[in-house]
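*Asks:* Chains as they are written, first to last, in the numbering used here: chain A, 1 to 353; chain B, 1 to 353.
Just so you know, these hints were derived from the structure itself, not from any lab.
Hints may be right or wrong, so weigh each one.
[What the hints assert, rightly or not] Mimicking DSS-like on lysine-lysine, the simulated pairs with C-alpha atoms at most 27 angstroms apart in a straight line are:
no.	chain 1	residue 1	chain 2	residue 2
1	A	Lys325	A	Lys176
2	B	Lys333	A	Lys333
3	A	Lys308	B	Lys160
4	B	Lys325	A	Lys333
5	B	Lys340	A	Lys340
6	A	Lys176	A	Lys187
7	A	Lys308	B	Lys176
8	A	Lys325	B	Lys181
9	B	Lys308	A	Lys333
10	A	Lys308	B	Lys61
11	A	Lys325	A	Lys181
12	B	Lys129	A	Lys325
13	B	Lys160	A	Lys325
14	A	Lys308	B	Lys325
15	A	Lys181	A	Lys222
[Said to hold, decoys possible] Quick list of the computed label-pair ranges, beta carbon to beta carbon:
no.	chain 1	residue 1	chain 2	residue 2	range
16	A	Gly301	B	Asp234	49 to 55 angstroms
17	B	Lys36	A	Pro282	29 to 35 angstroms
18	A	Gly301	B	Arg172	53 to 59 angstroms
19	B	Gly34	A	Ala179	32 to 38 angstroms
20	A	Pro282	B	Ala345	48 to 54 angstroms
[Said to hold, decoys possible] Reference excerpt, derived from the structure (chain A facing chain B, CB under 8 angstroms, subset only):
no.	residue
21	Leu319
22	Gln323
23	Cys331
Note that the Cβ used here is the ideal one computed from N, Cα and C, for glycine as well.
Number of protein chains: 2
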Amino acid sequence: MKDVYAVIMAGGRGERFWPLSTDQLTKPFIPLLGPKSLIQEAVDRLHPLIPNERTLISIGKVHEEVARAQLPMIPPENFIIEPIGRDTSACLAFCALHLERRDQDSMLLALPADHFVGDPEAYRRTLAKGIENLPGTNGIVFGITPERPETGYGYIQAEKPTEASAAWPVTRFVEKPDAVKAAEYIKSGTYFWNSGIFLWQNRVLLELFRLHMPQTHERLCKLRSLLSRSGVDDEIFQVFSSIERISIDFGIMEKAGGFGLIPANFGWDDIGSWAALARALPADENANIFQGSHAAVDANGCIVYSDKGLIAVFGASDLVVVQAKGNVLVCPKDRASDLKRLIRALDQPLATK
Amino acid sequence: MKDVYAVIMAGGRGERFWPLSTDQLTKPFIPLLGPKSLIQEAVDRLHPLIPNERTLISIGKVHEEVARAQLPMIPPENFIIEPIGRDTSACLAFCALHLERRDQDSMLLALPADHFVGDPEAYRRTLAKGIENLPGTNGIVFGITPERPETGYGYIQAEKPTEASAAWPVTRFVEKPDAVKAAEYIKSGTYFWNSGIFLWQNRVLLELFRLHMPQTHERLCKLRSLLSRSGVDDEIFQVFSSIERISIDFGIMEKAGGFGLIPANFGWDDIGSWAALARALPADENANIFQGSHAAVDANGCIVYSDKGLIAVFGASDLVVVQAKGNVLVCPKDRASDLKRLIRALDQPLATK
Numbered sequence: 001m002k003d004v005y006a007v008i009m010a011g012g013r014g015e016r017f018w019p020l021s022t023d024q025l026t027k028p029f030i031p032l033l034g035p036k037s038l039i040q041e042a043v044d045r046l047h048p049l050i051p052n053e054r055t056l057i058s059i060g061k062v063h064e065e066v067a068r069a070q071l072p073m074i075p076p077e078n079f080i081i082e083p084i085g086r087d088t089s090a091c092l093a094f095c096a097l098h099l100e101r102r103d104q105d106s107m108l109l110a111l112p113a114d115h116f117v118g119d120p121e122a123y124r125r126t127l128a129k130g131i132e133n134l135p136g137t138n139g140i141v142f143g144i145t146p147e148r149p150e151t152g153y154g155y156i157q158a159e160k161p162t163e164a165s166a167a168w169p170v171t172r173f174v175e176k177p178d179a180v181k182a183a184e185y186i187k188s189g190t191y192f193w194n195s196g197i198f199l200w201q202n203r204v205l206l207e208l209f210r211l212h213m214p215q216t217h218e219r220l221c222k223l224r225s226l227l228s229r230s231g232v233d234d235e236i237f238q239v240f241s242s243i244e245r246i247s248i249d250f251g252i253m254e255k256a257g258g259f260g261l262i263p264a265n266f267g268w269d270d271i272g273s274w275a276a277l278a279r280a281l282p283a284d285e286n287a288n289i290f291q292g293s294h295a296a297v298d299a300n301g302c303i304v305y306s307d308k309g310l311i312a313v314f315g316a317s318d319l320v321v322v323q324a325k326g327n328v329l330v331c332p333k334d335r336a337s338d339l340k341r342l343i344r345a346l347d348q349p350l351a352t353k
Numbered sequence: 001m002k003d004v005y006a007v008i009m010a011g012g013r014g015e016r017f018w019p020l021s022t023d024q025l026t027k028p029f030i031p032l033l034g035p036k037s038l039i040q041e042a043v044d045r046l047h048p049l050i051p052n053e054r055t056l057i058s059i060g061k062v063h064e065e066v067a068r069a070q071l072p073m074i075p076p077e078n079f080i081i082e083p084i085g086r087d088t089s090a091c092l093a094f095c096a097l098h099l100e101r102r103d104q105d106s107m108l109l110a111l112p113a114d115h116f117v118g119d120p121e122a123y124r125r126t127l128a129k130g131i132e133n134l135p136g137t138n139g140i141v142f143g144i145t146p147e148r149p150e151t152g153y154g155y156i157q158a159e160k161p162t163e164a165s166a167a168w169p170v171t172r173f174v175e176k177p178d179a180v181k182a183a184e185y186i187k188s189g190t191y192f193w194n195s196g197i198f199l200w201q202n203r204v205l206l207e208l209f210r211l212h213m214p215q216t217h218e219r220l221c222k223l224r225s226l227l228s229r230s231g232v233d234d235e236i237f238q239v240f241s242s243i244e245r246i247s248i249d250f251g252i253m254e255k256a257g258g259f260g261l262i263p264a265n266f267g268w269d270d271i272g273s274w275a276a277l278a279r280a281l282p283a284d285e286n287a288n289i290f291q292g293s294h295a296a297v298d299a300n301g302c303i304v305y306s307d308k309g310l311i312a313v314f315g316a317s318d319l320v321v322v323q324a325k326g327n328v329l330v331c332p333k334d335r336a337s338d339l340k341r342l343i344r345a346l347d348q349p350l351a352t353k
């Protein structure tokens, strides 16, 4: 697998885990589930499939210091600093440009930095199977076998192949469904959660940009020539910031065909909100989840996280209570995924106040 | 009124306002309702009726430093340090002994330190009326005209006098009633809330101890002789700590007769719990009470107090959320008066953890 490079994407804002996450310290850099941060876990779980030398870290300028500090095992030249956040299509295009300068014949494995993976060995087996099946496709997507009629994820429909070892030909990508549709999807057995983990031959990915995002591809050609020069950071910034802000799913994957899907079952969760911690952490006998110093009397189904100081919950049910960086969040569990609404009400920029 | 001495009682534990209050910093010493602490307000609102020179502060050893620091205007010799907490009967008896050494012919006005008074001028007028009516009684009690069928307070029944300027002869003291009885009390027009504010001729108070708490009176006689000597702190402690632990209400007021009641309407509240703040502080348009840095989206009827750092409440109703001294409390408003249950579950002694 010496031609496979992992790109761990750790851009994005720190909204969903406020007050623990901020724009300066976003979810990937937080030890949400244990002693290591999510991005440290993401790097570790690639071993021995992909070594640190072929692991690239895509981040914004604001995260560079913390990323380098948390990942001293990653070679310094493997940190790819995005000039500005422009969603995943620009992010991956920029990484593809960097990668073609290093290795003309490489594969690019795109990995979000903030996932929970319960079974790292199954994870590596699944990725390896994807790499094996890449030839003859436009790319491989990893589809999580759905465990519940989740309405918070996008789905991918694919056809079951005759051979168990083969990838499933992708039929279509579908948006977050309503509950009724989600239930149908699960029943069908041919729908998977879109994990956001993708694999392409690097030159094929760039070709997909040419075909499906021609305006972006134009900018990529300019950037390619700029990247071979030095002292042109301002020009790079100018060109990069004019790239369309769109996810790789919308920009490429939903438009192009020829993708193969590898079904995945490695205890995946995208830990999208405080409430999702309940799926990844053990609960007490009253279904409470605790991280940090706490006291609970007559508390049920609460998620309590403290980075310092005691949180006492008394006579409360199904609340998220977080104390982090000296700030406190209290909201019902079923509102936690909507936290952006609260964040919008706080003063910008999003930071510890 | 030169013979009236106020005794502001500030003993007691810091349970009901945890985590802001602790055994080291109890409710009277906290600026719960504004820039001044409750005890500072209690001293201030006596002016000009009773000057600082005749205001005594009764506290435990553990509060001496903070009390002296907060009340530099009170003469040092006016701080009466209780050897150990033994409820209000021992507290007031000890103060009466101190007072008789200063002024044989004085009156003792007992004031809890932690009350809210909305109308200080009416407060002073009411106290003055009590002082006028003291002669010919065993003591004056100040009865709050009830505003609601409160089940959390004791009541005092009294007979309406023919003269408006006279005190109402007290019929009886009654325990905290149930809701049905409380409603009857209110309707009758002859029941008042027991404010815990009492006035006696100091020598009469000591005589009441002799008649109704003879064992305590024996100890008082020993203490009287010890107080005239120096270097006998240990003996004072021994004798004081053997005094029965009982409130002045149970020990004296419910047993003795001959008390007069002055009806009081000065916006009184005993601010007994976090939830009671809602009666003393202004609410926003969604009935939320905020003190300190906060953000609220879709929050209703919440009480939010932060001594530092932001508290964000999102989509929650009728919660008490407090951040103080680095610790956090979350509980429904209707459980706030039962906070002792939570405190018992925390490690002893009660302190910032």
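*Asks:* Looking back at the hints listed earlier, which ones does the structure fail to meet?
*Replies:* 1, 3, 5, 7, 8, 10, 11, 12, 13, 15, 17, 18, 19, 20
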